[in-house]
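Novice: Here is how the chains run, residue by residue.
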Amino acid sequence: MSLLEAKGIKKIYKTRNGGVPVEALKHVDLTVEKGEFVAIMGESGSGKTTLLNILAALDRPTEGTVVLDGMDLGAVKNAAVARFRRDNLGYVFQEFNLLDTFSLGDNICLPLVLAGKKPKEMKKRLDALAQPLGIADLLKKYPFEVSGGQKQRAAVARALITQPRIILADEPTGALDSRSSDELLALFGQVNRAGQTILMVTHSTRAASRASRVLFLRDGTVIHQIRRDGRTDQEMYQRISDALTLLANGGDRK
Amino acid sequence: MKIGFYPRLAADGMRKNARLYVPYLIACVMMVAVYYILHFLGHSGVMDGMPGGNTAETLMQLGTFVMTLFGTLFLFYTQSALIKGRKKEFGLYSILGMNRFNLGRILFFETLIVWVVSVAGGLAAGITLSGLAKAGFAKMVGSAARSAVLVPAGSVAWTAGTFSFIFLLILLNSLRQVGFSSPIELVRAEKAGEKPPKSNWFVGILGFLTLGAGYFIALRIKQPMSALLWFFAAVILIIIGTYLLLVAGSVIFCRLLQKNKRYYYRTNHFVSVSSMAFRMKRNGAGLASICILLTMILVMLSSTAALYAGADECLDLRYPNEIGAFACKYGYDEGLESLGEKLDADLKQAAMEHGAAITNNATFYEWSISGYFDDGRLDVTLNSLTDMAFIDYDKVAQILFIDRDVYNRVFGCSEEVGPGEALVGTAKKIPIGDTITVGDVSFRVTKRIDDRVDEIDPSARISASPGIFLIVDDVNEVAKHYIKYADFNGEPMLAWFWHCRFDTGLAPQQQEALARTLDELLDEELEPYDFDNRYCESHEGERGDFVGTFGGLLFLGMLLSLIFLASCAIIMYYKQVSEGFEDQARFGIMQKVGMTKEEIRRSVDSQMLTVFLIPILFACVHLLAVLPVVMKLLMLFGLFDIPLLLTAAGICVLVCGAVYAGIYRLTSNAYYRIVS
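Same order as they appear, the protein sequences are chains A and B. The first sequence finishes on residue 254 if you use the working numbering, and the numbering steps up by one all the way, no holes. The second sequence finishes on residue 676 if you use the working numbering, and the numbering steps up by one all the way, no holes.
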């Protein structure tokens, strides 16, 4: 069975003043296997973030179901959603979303504190993560004192520390310079090789080329898919570029 | 209608920031209205003819002055908070090509609008309410208000003038704030990265020590009049200490909690403690201001309410009899004793002609000499009192000699006092040993009669310098010892005091009339003798003055409290709104990280509650620390009823607490609306 299975997802936003409803997602079917690194590509307004929010249970679909590891997200009660998210999902944001009132270490520990873990256990997990992520020296610092790349690594650590079933990343390189982006993507690769499932939304070809599978989203549906099948990052990059060119030229619309 | 570009821009800016401007305008209107009412009561002569009207008028004039000062400070504070919130807008304007002059024009029109609204609105409200205020005041002092509603042009002009001046200052200040910053600075003003709060141990400890010193001084003050300077020092220390402690101490406290891992890493504490540290860093000063305002309200209301409620008690103490006459003459004179007897007879005669049935009569004379009293010895030499700046006022004392026979006769005793002996009585706790030396004469103290002092002189407890009564054998012989002492003007220091008190059984108004008659009689009879002081008062005649004074104080206290409370509300409101905007994004993140809405709400509630409780708790502690001084100040007015003051303080704490809680509820709703 797949780790994550989304079927027939449709999302319609009603504008506030009774204007024309906007169809953000038309019909999306999506499965993610355990241990996969999936990238979803698409231009602004293609529905990427909407899809991710639905998968993260931050938003509910108008139609369709999302099943994570056998659990139907639609069946989780509203009150329990936050807890579900905390226990099963790790979320990495474009804007890092670190709390400026916490040091990096405390930011990373936040989900554990919410889960009621012991300080000793937190420290153990934190130390185990901080070393490979290269933020061991920064744990006492505050978000405003460190660079964007360092912030994003802390955010990744925060997503990983609960040992989630899946990491959801929304444009994780969007606010980073190219060097920090490369470092972060290398980190994602490393985490993924260790068995962590990752689902990433991006419009950067470079970021997507690290994934094991790339989905193309346009006008609310998945219109194309590329599997790595043993290709190098460079070959992936080339194939994605070609696909994007083709799509941009108005190629096959399913 | 065509409105100029700049006025429209100014009006639009204010409309878009209505959330901030509406409370500001309300505060301005209130300030203007209260100022007008105070000025109206204090300067227009409406209180002429009311009992105690003159005292109350002076009080209101003082209130007007306080209002001017406080209004200026407060309006400056709120206005700079407003400008801070709008810097981004101004930055945008200047990037779009406006220069300082253009921005200045916007600010000018903005201030103009605020000025027009607050002066017009405030005057309208003030004029409408002034009749009510007058009637309310009249009711408090128990007299009918004169019905003529008048709008004195002077008060209107003064109010408008004062606030025009304040707004002019405010305009200049905002021009300075906007004019001196570059557009980029303006745009970025809001986003400047915030440093994490550091534990500033130095400031924290300093605050703790300052506050402690303030309390210590306040609690140690024995004589409020002589230690008035100390009292002010204590107040200033407490204010400074509050600021330092709330700004630095609270951060240190949060930091200490964070060090305690077991406490800190708990769902309930984690977010609260770390955000509290930031919140306190930003808002410590605001909280301290709220705390000081609350303390002022509590002190003002409880003391004035206690005075007002205890007015009759004070009156009875100060004027135990319906009629009281007094005369005093410096220097020694053999004929005074018989003059006193003649006066006594004449006054009583006149009283009886008025229809009075004389009871509870006490007529007696005493010889008085003042000096520096220390260690059972009164120094009456000139040098002891010349260097006024360096002497301890607590030790300036007045010795009053009363003849044994007079004392026995008037106060119904049968005391034996031999030559060189004295009975000693004092209302203040002055240590006196077995002998007391006055000048160069010593007396053996055979008995203490402290419990009879109230009977001899009801105001003994009220007077600032302690009075010591000595009952001696043959008082005139004793007095002669002191003829030789003179003060630095060459005047004799020895004085003859004559008292005559009695009840009449007359109706209140007749008592007053009688007192006036007797006063004239005293004047007439003492004319040839060159007396230094003489008067005749009635209990009823003084009641008006007492109730007027105390009622005026309470009235002023309530008006000022109203303004202070309104200011508290504004500070809290701005605090909540600005925090709301800051926390908005933060809560979004917390939700995404996996905090439930309920957890967030709980954490916010606990923080808000702490922030809410800190000022009022501190204010209550402050109140406790200064209550002893307040009590001593009230004693100067003749109020000795400690339970009454405590009750008044308790009620004030409850009422203020309730009003404060109401304000808190309203303002925190503003916060929740922004956050959710």
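Any given hint might turn out to be false.
[Unchecked claim] DSS-like, lysine-lysine: derived pairs with alpha carbons at most 25 angstroms apart:
1. A:141 <-> B:87
2. A:123 <-> B:261
3. B:259 <-> A:117
4. A:118 <-> B:428
5. A:141 <-> B:261
6. A:117 <-> B:261
7. B:592 <-> A:34
8. B:428 <-> B:222
9. B:428 <-> A:14
10. A:141 <-> B:198
[As the list claims (entries may be wrong)] One side of the interface only, derived from the structure: several residues of chain B facing chain A at Cβ under 7 angstroms:
11. 259
12. 261
13. 263
14. 268
15. 274
16. 275
17. 278
18. 281
19. 587
20. 589
Because the hints were derived from the structure by calculation, they are not lab data. For clarity, every value in this text was computed on a predicted model and none was experimentally measured. Heads up, the beta-carbon is just placed ideally off N, CA and C, and yes, glycines get one too.
Novice: Now tell me, hint by hint, if it's right for this structure.
Specialist: Going through the hints against the structure:
no., hint, verdict
1, A:141 <-> B:87, "violated (30 angstroms)"
2, A:123 <-> B:261, "holds (11 angstroms)"
3, B:259 <-> A:117, "holds (17 angstroms)"
4, A:118 <-> B:428, "violated (64 angstroms)"
5, A:141 <-> B:261, "holds (17 angstroms)"
6, A:117 <-> B:261, "holds (12 angstroms)"
7, B:592 <-> A:34, "holds (23 angstroms)"
8, B:428 <-> B:222, "holds (11 angstroms)"
9, B:428 <-> A:14, "violated (82 angstroms)"
10, A:141 <-> B:198, "holds (12 angstroms)"
11, 259, "violated (12 angstroms)"
12, 261, "holds (4 angstroms)"
13, 263, "violated (10 angstroms)"
14, 268, "violated (10 angstroms)"
15, 274, "holds (5 angstroms)"
16, 275, "holds (5 angstroms)"
17, 278, "holds (5 angstroms)"
18, 281, "violated (10 angstroms)"
19, 587, "violated (10 angstroms)"
20, 589, "holds (4 angstroms)"
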